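Knowing the structure of chain A, use the given hints to seat chain B with the ligands on it.
Protein chains in written order, with our numbering: chain A, 1 to 390; chain B, 1001 to 1276.
A couple of the hints might just be wrong.
To be clear about the criterion: a stretch of chain A counts as covered by chain B if any three or more of its residues have a C-beta under 8 Å from a C-beta of chain B, and this derived list gives those stretches [said to hold, decoys possible]: (1) 43-49; (2) 100-113; (3) 340-351.
Keep in mind that the hints were calculated from the coordinates and are not lab data. From a predicted model like this one, the values you see are computed outputs, not experimental measurements. The C-beta atom is built at its ideal place from N, Cα and C for all residues, glycine as well.
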Amino acid sequence: MLEKALQGSRKYWTWIFFLLLIVGNGFINYLYQFKHGLGITGMSRDVSWGLYIGQFTFLVGVAASAVMLVIPHYLHDFKKFGKIVILGEFLAVAAVTMCVTFIFVDLGQPMRVLNVILHPTPNSILFWDAVVLNGYLGLNIVIGWMTLSADRKGIKPPAWVKPLIYVSIPWAFSIHTVTAFLYAGLPGRHFWLSAIMAARFLASAFAGGPALLIILSLIVRKLTKFDPGKEPIQAVGKIVTYAMIANVFLLGLEFFTAFYSQIPGEMNSFKYLYVGFEGHDKLVPLMWTSSILAIVSLPLLIVPSWRKKEGVLATACVALFISLWIDKGFGLVIGGFVPNPFEGVTEYWPTLREASIALGVWALGFLVLTLLYKIAITVREQTAGIEIEH
Amino acid sequence: MSMNRRQFLKIAGMSTVLGLGGVPVINLLKGDKSEASHVFVNEKALTAKRWGMAIDVSKFRTDDDYKKVIHACNSIHNIPDFGNSKDQIKWIWTDTYEHTFPTQPNEFIEESVKEKPFVLLCNHCENPPCVRVCPTKATFKRKDGIVMMDQHRCIGCRFCMAACPFGARSFNYKDPRLGLKPEDENTQYPTRTIGVVEKCTFCAERLSKGLIPACVEASQQIAKDAGTEAAMYFGDLDDPSSDVRKVLAGRYSIRRKPELGTGPSVFYIIGGDKNA
Ligand code: SF4
Ligand code: SF4
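Isolated chain B, as found in the complex:
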């Protein structure tokens, strides 16, 4: 093998995080039966009991802000663009209030909320139906609450897409590499194959390196540059002192379709300012 041990561990660790079956590979090569956690842990990795996100769309000032946040995700995750909605792959995107919260229509809602695009992504549900229906465990829930995909195991039955009430999942109807310009490809992150399902992963690969999700980072960068408050927060919902819990404690927030009992971990802060 031409790579050295360090490189190898890095790749194996990364693919484990991505659920690509790195552990068995390591066990096979090292010939030992150690636990996954003994194999490779980056001491800088961010950990939590239940990762969650809070989004305050009123803090997005321009269309450009949205674009930057979405682009941050699309570019690092090699999201293809086929230019049509039929084959579209979406991890994070925007839609209107009415479409985001179809079960909570309100024709007299404040103009600013009505007109403002909402940012949508997988909710990393506490009780995820997509995990429940998957016949191969290709979709599974991690101990830290992240709902993850193993694209090497997925058979492309799309049961999970029928089961997700939030339209958070995309299927690779076409070879995703065809929708990706070679110069745009991020070689640090795998491209997917035809015929499998994918979705937002809360940037699991970044968390393992001690980085917060790319969209949240972009949003916080925008706020820093403009000297305003950030629109997106990320943290451990189980920890009252986390960023996300602090914003949620001070503001009114709602979730998408809570009546379905899936327990979304993405919260939307609606109207009013801190201490309003």
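Bound-form chain A, shown alone:
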């Protein structure tokens, strides 16, 4: 099936080369970072994680969200998802690829990355995160590939794939729960030290990931002969709506606890992010952009007659995706480090090189996504009209 990724229109190849260009640019900048160290980024002694880890965290959510298609399809026998479930699984593969790459570019000594396996340390959440992420990557590659090649031949996938699919469901929850635990168990980082962190992570993931999937489905329909179908897109739209409501609700809970208890440590990071703290307010415009986009997206999603219009749904999804990307891919990580353990403020802003590297990683993810989608769509185009067996 791989050869399907190698046959494409002029437009397809232009897109591929465009992505390769950005990947290349990121790679050159990474080589510079590799030589000169992470000092070329905006990170500091006080804000020791930045854009890379933020993007990693956000993308784990995107990866986990594939489960929102797998559950209805396989557990509730919701046949309409038959065609797009593969888009979710391949999106997960691309997202985890980006996650792993973001972790790698964030390491100070990347050549030693295998130490995590050579000296396994079960008390470290990062160890478990590496385990569950790589497991999830493997699961989705195998499941996606096996079901797709079976579809192509018009047969059922081998029987052993089913148990893997069932395993992948709790596994998807685990990757994002474990990622939340990276933050939620650290003493002295009030902003992260919250029991509902994992719940918030899952809620935002199940809003942001499927929103991206809707956008991708609409693009796929425009550009190819493969139509993921109106109904599945509407069904995913409902998932996005419920998850986003849950997400905003959970964020509200955090605000209540912080500001009603009036405990300074609980309030300070929120203050820094939304109104500025002791005159430092670099992130305030960004966080308000995120909030406004979230507020705009909610009614568009909630009112059924609006959501049913695909144009409105797409607008809402774009707004929501950007909102969550800012909130989780940036604010969440930086907010945990400001103020620092001495109640002082060191601000963070990524450097151009750092942003280029991050962009390169995204381009790499989209490259993987494009190739996988190309394969999946070609198969779907060829089998159009045939019932899917799994």
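Chain B with the ligands in isolation, oriented as in the chain A frame:
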């Protein structure tokens, strides 16, 4: 090999103490499987069940006193200076009362305490979160309570920096040798490499030679020269007759963020004199 056996053992022993993996090297070369403790122990080495420190900032008289204490550490440990706070490496430094004890604000606190700089360093916590989160065991706790680093194993993920509630850890954002003048380098102590985390080690390398930490030694020297009481004490917290326990028994002391349960082994003596 050009070095003789004695030199070799000295280096191997030292790197073991520093956690640089000397034991496997020795085992490999000697071909035996002896325990680490059988390999090389300096009989003068200072030992304890749980090392700890007490700091009485009221005994620092001038800015110069602070500088001397900090310089004692910086100079022997090859701490680079990049002249900016972003890339800064700090093992021991000073800050205000409010920043040192942010969870214990007190606007009416005695002027002398309010104005006085406090000396900060790694607390060598009894229950250290930095050790808990490290995915490679590059940060580990020794039997004597010292929280130690193996900079040859560290992957530079900086999880430990997020986990330390005391801002005690520094990351080598730049090649540390670039921030070190060659003439200032102490060739008896390793310089670090780019991309790893580091922090105070309670001078583990000195303890193994029978010497107390450099900062405490400097502070006691200052006191001796001026004929006053020392500002810093070091000893075994498990031993009631140790220096540190004796000062703690007679004076009121506090620790940084004790509510987090990390169990800091660095104590700050606040106000009042002996038997006050
Ligand atoms: S002060 Fe920080 S670095 Fe030192 S032992 Fe405690 S948690 Fe670890
Ligand atoms: S930066 Fe090094 S010492 Fe710190 S947690 Fe990572 S591997 Fe361990």
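Given that the region 43-49 of chain A was listed as covered by chain B, double-check it with a C-beta distance under 8 Å for 3 or more residues. It holds: at least three residues are needed, and the region 43-49 of chain A offers 6 whose Cβ sits within less than 8 Å of chain B.
Count the residues of the region 340-351 of chain A whose Cβ falls closer than 8 Å to any Cβ of chain B, and tell me whether that reaches three. This one holds; 6 residues, not fewer than the three required, reach chain B with a Cβ under 8 Å.
Verdict on chain B covering the region 100-113 of chain A, where coverage means 3 or more residues with a C-beta closer than 8 Å: Check passed, 8 qualifying residues.
Every hint, counting from the list given before, is met by this structure.
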